[in-house]
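What follows is each chain in one-letter form.
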Amino acid sequence: MSEERKPILETRKLGITFGGLVAVSDFNIKIFKGELVGLIGPNGAGKTTVFNMLTGVYKPTEGSVLLDGHVLNGKKTHQFVAAGVARTFQNIRLFKQMTVLENVLAAFTKDIKYNMIDSLFRTPRFWKTEKELAAKALDLLSIFHLEDKADYIAANLPYGQQRKLEIARALATDMKLLLLDEPAAGMNPTETAELLDCINAIRNRFGIAILLIEHDMSLVMNICERIQVIDYGVTIAEGLPEEIAKNPKVIAAYLGQ
Amino acid sequence: AAPAPAATEATEAPAAEATEAPAAEEAAAPAGDGITLGVISPNTGALAVYGAAVTTAVDLAVSEINAAGGILGQQVSVINTDDQFDPAETLNAFNSLVSQGVGLILGSVTSGCTSAITGAANEEGVVLLTPSATADSITTEDDYVFRACYADGFQGAIAAYYAKSAGYTDVGVVYCAADTYSKGLYDSFAAAAATYGLNIKAVESTASLDVQDYTNQFASMVSSGVQFVYAPYYYDVIGPYIVTQARAAGYTGIIMGADGYDGTPDYVVEGADLTAFNNVYWTNHYDPSDTDPAVQKFVAAYKAMFNSTPNAISALAYDAVYMYKAAIEKAGSADPAAVRDALADTSAVYSGVTGTFSLDATGTPTKGAAILSFASDGTTVTTKLVDVIKELK
Amino acid sequence: MLEIKDIHVYYGAIHAIKGITITVNDGELVSLVGANGAGKTTILHTISGLLRATSGDILLDGKSLQKVPANSIINMGLAHVPEGRHIFSRMTVEENLRMGAYIINDTKRISDNMEKVFHHFPRLKERCRQLGGTLSGGEQQMLATGRALMTDPKILLMDEPSMGLSPILVNEIFTIIEQLHNSGITILLVEQNAKKALAVADRAYVLETGKISMSGSAKELAEDDRVRKAYLGA
Amino acid sequence: MSTFLQTLFVGLRLGSIYALVALGYTMVYGIIRLINFAHGDFIMVGGYTMIFTIPVMVSLGLPVWVSVFLAILVCALVGMSTELIAYRPVRKKGTSMTALITAIAVSLLLENLAQAIPQIGPNPKVASQIFTAGGIRIADVTLDWTTMLTIFISIVVMVALYQFTQKTKIGRAMRCVSEDKPASILMGINVNRTIVTTFAIGSGLAAIAALMYIAQYPKVYTTMGSMLGLKAFVSAVLGGIGIIPGAMLGGFVIGLVESFTTSYVSSSMADAFVFLILIVVLIIKPAGILGKNMGEKV
Amino acid sequence: MIKSRTTQGYLLNTLVIAILLIGFSFIKESFGKAGDFKLIIAPSIWQCCYLIILAASLNLTLGFLGQLSLGHCGFMAIGAYSAALISLAAERGGVFTEKSGAAFILVLVGCILAAGVLAALVGLLVGIPALRLKGDYLAIITLGFGMIIVNIINNLPFAGQEGLAIGSASASLYKNGLGFGTALKVTYVWVAIAVTLICVAMMFMFVRSKYGRAIRAIRDDEIASSASGINTSFYKVFTFAYSAFFAGVAGALYACANATLSTASFAFSNGGILNSTFVVVMVVLGGMGSLTGSIVAAIIMFFVNYQIKNGLWVKLLPMWMQNIFAFPMLVYAVVLVIVIMFRPKGIFGTYELSLRNFFSDMKKQRQNRLAQKQESKEALNHE
Ligand SMILES: Nc1ncnc2c1ncn2[C@@H]1O[C@H](COP(=O)(O)OP(=O)(O)OP(=O)(O)O)[C@@H](O)[C@H]1O
Ligand SMILES: Nc1ncnc2c1ncn2[C@@H]1O[C@H](COP(=O)(O)OP(=O)(O)OP(=O)(O)O)[C@@H](O)[C@H]1O
Ligand SMILES: [Mg+2]
Ligand SMILES: [Mg+2]
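These protein sequence lines are chains A, B, C, D and E, in that order.
Using the numbering used here, the first residue of the first sequence is number 3, and each one after it goes up by one.
Using the numbering used here, the first residue of the second sequence is number 84, and each one after it goes up by one.
Using the numbering used here, the first residue of the third sequence is number 34, and each one after it goes up by one.
Using the numbering used here, the first residue of the fourth sequence is number 15, and each one after it goes up by one.
Using the numbering used here, the first residue of the fifth sequence is number 30, and each one after it goes up by one.
Please note: incorrect hints may appear among the correct ones.
[What the hints assert, rightly or not] Per label pair, the in silico range of CB-to-CB distance:
(1) E:Arg161 <-> C:Thr125: 29 to 39 Å
(2) C:Lys141 <-> B:Glu353: 54 to 64 Å
(3) A:Gly22 <-> D:Ile297: 19 to 29 Å
(4) C:Asn108 <-> A:Gly258: 32 to 42 Å
(5) A:Ala157 <-> D:Pro69: 50 to 60 Å
(6) A:Ala157 <-> D:Lys306: 24 to 34 Å
(7) A:Ile119 <-> E:Val138: 17 to 27 Å
(8) C:Thr87 <-> A:Ala157: 17 to 27 Å
(9) A:Thr101 <-> E:Gly139: 37 to 47 Å
(10) C:Asn108 <-> D:Ile298: 42 to 52 Å
Hints listed in this document are in silico derivations from the structure and should not be mistaken for laboratory results.
As the structure is a computational prediction, the values presented were derived from the model and not from experiment.
Each residue gets a CB set at the ideal place from its N, CA and C atoms; glycine is no exception.
All chains should be modelled from the sequences, with the hints used to inform the complete structure.
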C-alpha cells in the first residue's frame, strides 16, 4: 500500500534563473504511478523550462528533483533517463538522417549489455540482443502504426508521424515517467483526437505516469486527471480540470473568457 | 650497435644484387643510344625555389655536355621528378625513376627527402648523387650515395672556427627548430663551439619557417650581451626579416649564417636602411663574383639561359652533373655499379664551380668553404669574399 | 487579386502539390484548411517565390509571379508571415520592423507604418528595444505579423499564426486578423485551428495531399459533415 | 623592463596584423557560416598586386601605399568570383562540410595557380619600404610608426565595419541573411547580392591587411596566407567568431601570447603555447572571449 | 532471418576477399621479380593502406559522430614516431637483429599496437574538449592539438627533425628500425593488407553496432540522444580515442613504408596529399558516413596523385597539359571543385558497399539517380 502512496516524481522548490531572469521558481509537483497530469500556462511561462530541469538539460539553480525518492540533482540527462524519465520536445528533435527503426533502436542503447568485444567479434550475445531489440522496436512502432515505415529516413516522415516517432522513441527508454511537450502542436482537431487515443493506449499498456504540456484545451481538459498552471514561472493554480477551467486567475492569464 | 647494421647489410646485399642484375641490364640496354639521368627535386611545395635551382642548372650542364658531344659519345637525357618536399613522395619519385630503368640519380635537394631514399638507392644498386643534402649522416651508411656539397658538420664548424679566430668567446644562436637544415647547422655549430672553447650564452629558436618576427629572439641576444650570433636561416628570411629586425632590436654585432644566405641581396627591402647588412657573414660553396674563370663562365652561361644569377644550389647541381660525367667517363660506361666504383675512388679530383675537390671515403667532398660577407652603402647590398677556408685547424 | 492556376510543385522526387487552382479576390479573407503535410505551407512558399512551381502559373493583379525573383515579389504588394515566425532573433523588435520595410527608402513612410503597427500591437511598442529571440511565442507571432505589415501590403499570406500559442493569445491573434481584414487587406490564411479559421474567413479551400478536395464559402464548409469529421474533430 | 616592452610591442605588431586579417574572416563567417579558408590567400593576392603595382606608383611619383587601392579592387574581384564560381553552387546543394572542402580547394587553387604563373613563381618577392621607418622610443625600445598605424587602422576598420553592419541598410541586410535566409528573402533582400557584397568587403579588407602586413614583414610568397590565415582564423574564433570586435580582440590576444611565450617561455614552442592558450580559453568560454554562450534553447 | 542473411554476407565477403588475395598473389608471383611490382605496386599498396585506414578512421569522428577534426594527422604522427622509436629500441636491445623471423614479426605487431594505443590515449585527451565545444570551435581545437603534437615532436631531443636518438631518422629507421626497403615491402606486403583489413573490419563492426547507432544519433541531435539515454560524453570521447587508435596504426604503417620521418608530413597542410586537410577532403569526397566511400576516396586520391606526378602517360599529353600537371595541387584543386559540384554529398553519400546487396543496391542507385536528376532540375528552377 505504501508503495502506491510514494510519488514517482516529486519536485521541491524547483527554480532556475537565466542571467537575471527568474524563469521558474518554487515549482512543486507530485506525480503518482499511472497518473496523467497537465502543465499549462501562457507562452514563456516556463513550462518547457520545467521539462528541461526534470530531464537534466538545464541545471536548476535551486530546489531538487526526486524520482522514486532518489534525488537527481546534478545528474546528466542520460542519467535522468536511466532513472526513468523520458521526454519529447516542443520542436521535434529526431535523429533525422537515421531510419525510423534506428531512431527507436538508438534509444535502447543504455540497456544494451553487449560490449565492444561482442560487437567486434559478433558473438552470439550480439546477435541475440540485436534481434530481440529489433523485434521490440517494431512492436513499439506498431503502437503508432509506424511499423511499415521502419526503413524510412526519419526526416522524410510527415510531421504528424514524426511526432509519433518521437513518442515511440521516448517509450523505448523504458521509463516510468513520460514528459510530452505540446504533442498536438500543429495538428488539427481530428489529428489531436487520434493522438489522444494514442496517449491513452500508452498509459494503459505501460502503466506509466505522464506529464503533459499542451495549449490545446480540448486535449488537456479531456485527458488530464489533474492540471497545474504556471505563469511567470510561478504556480498560480492546480487542481481538477473543471476547477482550473473556472479559476479566474487562470482565465485572466491564460484561457481568456 | 655497429655490428648489427653490418650484418643486415651483408644479408641484404647479395639479395639486392641478385634481383637487380636484370634491372641493371635493362638500364644498360637503352644506354646504347643515350644516358638517362634522373633528377629528384622539390618542384612544387614550400621549397619549389630549390627545385627550380636544380632543374635549371642540370638543364644548363646537360645542354653544354650534349652540345660538346655528350658523354662517351652518347647524348644525355634528363627525367625530372617532383618530391613535393615530402619523404614519401620522394620515395615514389625514386621508385618511378628506377622502374623506368634509370640508374643514375641526382637528388634530392634537402636532407630530409634525400635520407628517404638513400637506403633504397643502395638496395636497388642505383647511384644517388645529391647536390645539396648536407646532413652528416647522408653518405655515411650507404655505398651508393655521394654528394657534391660539404656536410653540415663542416659548415657549422667553419662558423665556430671563424668566430674564434675573430676573437669572440661568447656567442649566441638563433635557429629554426622545425627545419632540418637550420637545426643540423645549429647542432654542428654547437659541437664545434665546444672544441674551440666558445661559450654559447644564449640560444633562441623559432617554431617554424613561417615565423615573421625575430625581434624577441634578438632582443634576448642583446640582453645576454653577445656580439656574435649564429643564425642558420635561408635568404628569404635573412633578407626581409632577420637582419633589419635584429638591428632594430638593438643588436649590432655579427650575424653569421651558412649557404642558406646565398641570394640575400636580391631579397632586401628597397628603400629601407640597408646598412643593417654590414657585419653579416656567411659560409658558402662558391662565390658568384669569384674571378675564377670557371665560375665566371658558369655564371655567364646561366644568366644567358635563365636571366638570373645562379645560387649555390644551382652551382652544386651543375657540378654534380659534371661529377657524373667524369665518373662515367672514368668507368667507361653508365652502368650504375661501375659509376659507383668510379665515384668511390677517393683519389679522383673534380674541379668545378664550387672548387676543386675529391670525395672522402664516405662520399662527401673535402673542399674549402668561402666565407663571405655583405657590404652595404645604405641603399644596395653586395657580397664580398672574406676568406676561403680549406681546412679546419 | 491573386490567382493560382493549376500549379505543380516538387521536392526532389516528391510531388507535393498536384495541380491546384485557388483564387483570392480583392479584400477577401480566404482560408486554406488541411491535414499535416497536405501542402499548405508549400503553396504559400510557392506564391512568395521561395519555391517554384514546375508548371502552372501564379498571377498577382494579373501579373505572373513565375519569373519574378523571390525578393522582388514583396515590391508587388505581397507580404508573407511564415510558418514558425522566422523573426530575426538577434535583432531588436524595432530593427525587425525596420527590416520589414527594407524595400522602402522613404523614412517618413517607415515611421508612419511603424506607428500603424504599434497601433495594432501596442505590446510591441513596449518591447521596442528587446531582442526578438527573447520574446514570448505570442509576441513573436505579433512581431512577425507586424513586420509583414511594414510595407502596407495589399495581400497578406499567413501560415499557422496560432501555432503554439496559449488560448488567450490565439483569440488575440484572430481578433487582429479580423481587424486587418476589416481594414481592407486581402488575406490568405493557413490554419490548423480550422474552427477559428473558418469562423473568420469569407471563403475556404480544403487541401488533401496536394489537391483541393473541397471549396466554398467558409460557412458552408464549416457545416459540411466531411469537413467537420476530418478537420473540426467533431 | 625593456624586454617586457619589446615583447609587448612585438605582440602588438603581430596582433594588429592578425586582427586585421581576422576581421575579414569574421565578416564572411558571420554571414554564411563558412570558414573561408581562401581568405588567407586573398591576402597573398593583395600582396602580389602591390608588389607588381608599387613600381608603377613610384614611376608615377605617387606614394607607394596608393597601390593598396588597386589591391582592394583585385582582391574584391577575386573574392566575388570565388563566391560566384565556387561557393554559391555548392552552398545550394551541399552541406556545410562540402562548402568547407570547396574553400580548401579554392585555397589550394589560388596558392598553386600563383605558383604556376611565371611572373610569380615559387620565389618569394620582397616589397620595398612602404612607410617611413622609425617610431617612438620608450626606454630604449622603439614602437614603430607602422605598428601604430596598423593598430590605428585595425581599430578604424573594426569601428567602421561594426557601424556598417549595425547602421546601414546593406549591413542590416547582411545580419538578416546570416540569421535567416528565407525570412530575408521575404523582406525583399536579395540574398545572393548581399553575400557577394560581403565577400567583396571581406576580400577588400584582405588587401588592406596585406598592405599593413607587407609594410611590416615585406616578404610576399604564394603560401604566405596559410599560416597567417590560420592564426587569424584562430584569433577570430578566440574572440568569438562572427563578432566584429571579438576578431580584433582575439588578434591582439594571439599576437601577445605568441610574443610573450617567445620571450618568456620557449621560443621554439611558441606555436604550441598559442594553441594551448586557445584550447584553455575555449574550454572555459566555449563561444570565445566575447561570444555569448547562448546555449541551445530546447 | 537477420542472422542467416548476415551469415550469408560474411561468407560472401570472406569469399571475395579470399579470391582477391589469391588473384593478388598470382599477380605478385608473375610480376614480383620484374621490378614493377616491387618498385611501383608494392609501395603503392603500402601507401594506399595507410591512407585508407587514415581516411576511414577520420570518418568515424567526422562522418558518424559529426565532429570536424582538423588535426587527424597529429595522431598519425604519434603512431609513426612511437612505432619507429619502439622498433629502434627493440633493435638496440637486441630483440631482433634482422628484419625477419618470429621475433621481428612480434616486434612489428607490438609496434603497430603500441602506436595505436598511444595515439588513442592522446585521442582521449582531445576528446575531452569535444564534450564542451561544437562545430567550428571544436575544429579549431583539434587543429590546435595537431599543431601542438607536431610542435612537441619537433622539439623532442630523441624524435626531432634530425630524428631518432643517434644521427638522422633516415639511416637508423631504415637500417635498424621498421623502415622497409623495396624488397621487404614486398615480403611484408601482407602485413599492410592484413592490418588494413582488420582495421576496416573493426571500424565496420563498430559502426554497425550500438556504438555506431549511438554516435550517429549524437551527430543528428545531441540533446535528443542524451534524452534517449545515450551517454553522449562517453560515446564522444570513446569515438575520438577509437578513431585516433586507427590513425596511430596508420602511422605505424607509414613508419614501415618510409625510411624517414619528418613532422612536415603530418602537418595541417603541406605540399602533398598526406596532411590533416587532405584527410578531411578524402572523407568528404568519399561521403561522410560511408566507410566504403573513405576507402575508395583514399585510393582515388593516391592514384590521382601518383599518376599526375609519376604516370608515364603524362608525357604523351600535349605540352600545355603537361605544364599544368607540373603543379599537381592545382589539378587536385580543380578536380575537387568539380567533384563537389557534381556530387556535393560525396561520391558515396552514406552508401556502404555490401556484396550481398550489391545488385539490389545498384537498382536503388539507379532510381536515386533519376530522382536526383529531377532534383537538380528543380534546383535550377529555384534559381
Ligand atoms: N536557455 C535559455 N536562456 C535564457 N532564457 C531562457 C532559456 N530557456 C528559456 N528561457 C526563458 O525562460 C522563459 C520560459 O521559457 P519556456 O520555453 O519554458 O516557456 P514555455 O512555458 O514553454 O512557453 P511556450 O508555451 O511558448 O513554449 C522564457 O522567457 C524564455 O525566454
Ligand atoms: N523540404 C522538403 N523536402 C521534401 N519534402 C518536403 C519538404 N517540405 C515539405 N515536404 C513534403 O511536402 C508535403 C507538404 O508539406 P507542407 O509543409 O507544405 O505541408 P503543410 O500542409 O504545411 O503541413 P503542416 O500542417 O505540417 O504545416 C509533405 O508531405 C512534406 O513531407
Ligand atoms: Mg514550451
Ligand atoms: Mg505548414
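Evaluation of the provided hints:
At roughly 30 Å, the beta-carbon separation of Arg161 (chain E) and Thr125 (chain C) lies within the given 29 to 39 Å, and the hint holds. Look at Lys141 (chain C) against Glu353 (chain B): about 58 Å separates their beta carbons, and that is inside 54 to 64 Å. Between Gly22 (chain A) and Ile297 (chain D), the C-beta spacing of about 26 Å keeps the proposed range 19 to 29 Å intact. The given range of 32 to 42 Å is respected by Asn108 (chain C) and Gly258 (chain A), whose C-beta atoms sit roughly 38 Å from each other.
At roughly 58 Å, the beta carbons of Ala157 (chain A) and Pro69 (chain D) sit within the given window of 50 to 60 Å. Here the CB-CB span from Ala157 (chain A) to Lys306 (chain D) is close to 30 Å, well matched to the stated 24 to 34 Å. Separation of Ile119 (chain A) from Val138 (chain E) is about 19 Å and conforms to the stated range, judged on CB atoms against 17 to 27 Å. Remark: the range hint 17 to 27 Å for Thr87 (chain C) to Ala157 (chain A) is upheld by a beta-carbon distance near 22 Å.
The beta-carbon spacing between Thr101 (chain A) and Gly139 (chain E), approximately 42 Å, falls within the hinted interval of 37 to 47 Å. For Asn108 (chain C) and Ile298 (chain D), the hinted distance range of 42 to 52 Å is satisfied, since their beta carbons lie about 49 Å from each other.
Comparing the model with each numbered hint stated earlier shows that all of them hold.
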